[in-house]
Amino acid sequence: MPAELVFVTGGARSGKSAFAEARAHALGGAGVTYLATAQAFDDEMRDRIGRHRADRPAAWDTLEEPLDVAGALRAARHPVVLLDCLSLWVSNLMLADHPDDAILRRVDDLLAENTRTLIVVTNEVGLGIVPDNALARRYRDVLGWANQRAARASTEAYLLASGLPLRLK
Amino acid sequence: MPAELVFVTGGARSGKSAFAEARAHALGGAGVTYLATAQAFDDEMRDRIGRHRADRPAAWDTLEEPLDVAGALRAARHPVVLLDCLSLWVSNLMLADHPDDAILRRVDDLLAENTRTLIVVTNEVGLGIVPDNALARRYRDVLGWANQRAARASTEAYLLASGLPLRLK
Amino acid sequence: MPAELVFVTGGARSGKSAFAEARAHALGGAGVTYLATAQAFDDEMRDRIGRHRADRPAAWDTLEEPLDVAGALRAARHPVVLLDCLSLWVSNLMLADHPDDAILRRVDDLLAENTRTLIVVTNEVGLGIVPDNALARRYRDVLGWANQRAARASTEAYLLASGLPLRLK
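Chains as they are written, first to last, in the working numbering: chain A, 1 to 169; chain B, 1001 to 1169; chain C, 2001 to 2169.
Calculated directly from the structure, the hints in this document are not laboratory data.
What you are looking at is a predicted structure, and each value in this text was computed from that prediction instead of being measured.
Be aware that a few hints might be false.
Unchecked claim - Each computed DSS-like pair below joins lysine-lysine, with the alpha-carbon atoms no more than 27 angstroms apart:
1) A:169 <-> B:1169
2) B:1169 <-> C:2169
3) A:169 <-> C:2169
Claimed, not checked - Just so you have them, the derived chain A footprint on chain C, three or more residues with Cβ under 8 angstroms:
4) 2049-2059
5) 2109-2121
Claimed, not checked - Here chain C is said to cover these stretches of chain B; the calculated rule only asks that three of the stretch's residues, wherever they fall, bring their Cβ under 8 angstroms from a Cβ of chain C:
6) 1096-1108
7) 1124-1134
8) 1145-1155
All C-beta atoms in this analysis are idealised placements derived from N, C-alpha and C, irrespective of residue type, glycine included.
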């Protein structure tokens, strides 16, 4: 039986993380590993990470891994894992000079290997004007493809807007 | 009993205002106060405001208030008020140097005080690439939080796309 | 009886074209004319066009027309036409110095004249921060209005996110 995969997408500040945390709590109670992909390069980012951490249940494990997310997933102590977020993982891999096909293969491998109940948070970034710079356009493409793969593999999927979920699947 | 709150969000040119006006007309007929937060700084903005006004029923009252929206709401003559829009109000407060928490407190206060049937129009702005400039990122955050508060307090909520509504709540 | 019109919108890399192609195949089988509006100005664009073409059934006709889309539609050999995409057509007309009202009239005329089963692919571009440059703001406006017209005339409509469809109509 394939593992349960909950896919949660939406824009910035759309309430994705809060929704995903509520779903993780419903599925795993206190037995949830939070797998963070964020890297704090500056104060703005450090603030965002700190704010998010303070909002999570104290009993949850936290793993921080910007690149080897599949390895961190295998190392997780709990049967329910909340990956927050796929979009930053893709961004981290791009910044570490991984080519597009290697990034998408990593996403495929993670989805294929996974045996846990996995909640995946990600971002929709393709609903604005075409960005001026080529790196942003490449990120839109690669993340869009990665999102499609995760959404296709999901057993339930949601689009968040203003904190409210639309059921995609 | 809490007042009725209709939340209407969507992108630019997604038909939010037309949908909100139709909803206001259905709820209040000719007895609607239109509460505009737009300020005409330039010709482009003046054109947009003029076009919108020409589309509204002539019987409706119009109040224009960029900052003290709660005060304007208390002064409205009709039991149905259409606030167009929350996103510009937040933008006006930011440009007038109000800090984030003060802006969100104003939104909370307006939602808590309101005794009318209120239709709130707002924008989703978080579904593109992360903006280059810090002010735009801050606006995305604050507006996202404001939208979540209004959507949570709403009794019905819609996301517009290409002029068509998706029911959020 | 008005012709069947399937409206497919979404962000970049949201799976719009694949969804529209599947819908075209279901409606027309091998008897589909693919009407492409893309113009290859540079290598990036040529790559995108080539990738898309390789994904389509070999039996389909392809017409390429950046500007006179109504003429190409009349010339199509099959009763089912997939227009990919409205958003690039609007962009091409703007770059060829057509004024806004002339562009929207062309869209209206195409919708009014059409007697085929038409699948229209387009982009939602209004869900990010207001763009800095005036041309991008104008494009958001004109495309938003064009999308509303096509969505209003449609007999079915979908918003794609991460490859999954939300039914708009």
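Where does the structure disagree with the numbered hints, that is, which hint numbers, in rising order? 4, 5, 6, 8
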